[in-house]
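Colleague: Using the sequences and the hints, build the whole thing.
Position 195 (the sequence shown) corresponds to 1591 in this note's numbering; numbering is contiguous.
Hints are not guaranteed to be accurate.
As the list claims (entries may be wrong) - Heads up, simulated BS3-like pairs for lysine-lysine below, C-alpha to C-alpha not over 30 Å straight-line:
| # | residue 1 | residue 2 |
| --- | --- | --- |
| 1 | K1434 | K1542 |
| 2 | K1542 | K1526 |
| 3 | K1408 | K1434 |
| 4 | K1418 | K1434 |
| 5 | K1542 | K1429 |
| 6 | K1429 | K1418 |
| 7 | K1408 | K1418 |
| 8 | K1429 | K1408 |
Hint data in this document are derived by calculation from the structure and do not stem from the laboratory.
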Amino acid sequence: MLTVWLEALIIKAARQIAAGGKAVFQFENLIQKCLLEKPIQDWEADRWARGVRRRLIRMEGHFFRIGTGKRSCLSLFVRNEQGLHVGLRRESITQAATFVTLITDYGYSRESTRYETGWMDVAVFGENKKPTIYAENKAAERTLLKLCTRLESEFETGIPFPDPDVVTHDDALMKAQHIWLHRPVYFWGVCPTLRRSFQVSYNRQGFRLAPAADIPCFDPK
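Modeller: Given below as structure tokens:
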């Protein structure tokens, strides 16, 4: 099974990091526990395999490169302030799978599909260089549903923009700011076990998300 392949790849990378003394105690066991609690889904492993095969994802040890617009390497793991690896970036697995899905399932080009751009997890850009689809990834279904519920109607009458020197930890507010600034036509919430599709409508003060059956496939016209 492809899930076994991807899990083995992740655990091997964790073992190499631990052997190099760049991780917390029993790091490999921590990663295995995370994968048991939040198992990789068949669709994620399938898209990773496609991505590697088509050179959309390029593995470099415990790092990977993805897409055409992201020049720096991305890590599968989280590090603390001391530089030690402490856990798995579970969301990054879904995020990369979402990127590959947009290209291989929905027909968008490599050039128009971007990974982590404009503070958006994954985005598809149209001919006018503006995003048509904004995909946001979460590691857990509960977190995704909470975000989508707030985004659907909470920001219809305005989006606060606090003092730029003040760091906000309100995830929904940050995502609302991204939507307002970049004006995507569709919002796609994706976690390992759930996908939620919305069409975005705008007014003078804010925006609203209307549930949709799916995001559109590429239309060459």
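Colleague: Evaluate each hint against the coordinates.
Modeller: Quick rundown of the hints versus the structure:
no.: 1; hint: K1434 x K1542; in the structure: holds (18 Å)
no.: 2; hint: K1542 x K1526; in the structure: holds (27 Å)
no.: 3; hint: K1408 x K1434; in the structure: holds (18 Å)
no.: 4; hint: K1418 x K1434; in the structure: holds (24 Å)
no.: 5; hint: K1542 x K1429; in the structure: holds (25 Å)
no.: 6; hint: K1429 x K1418; in the structure: holds (19 Å)
no.: 7; hint: K1408 x K1418; in the structure: holds (14 Å)
no.: 8; hint: K1429 x K1408; in the structure: holds (14 Å)
In summary, the structure agrees with every hint in the numbered list given earlier.
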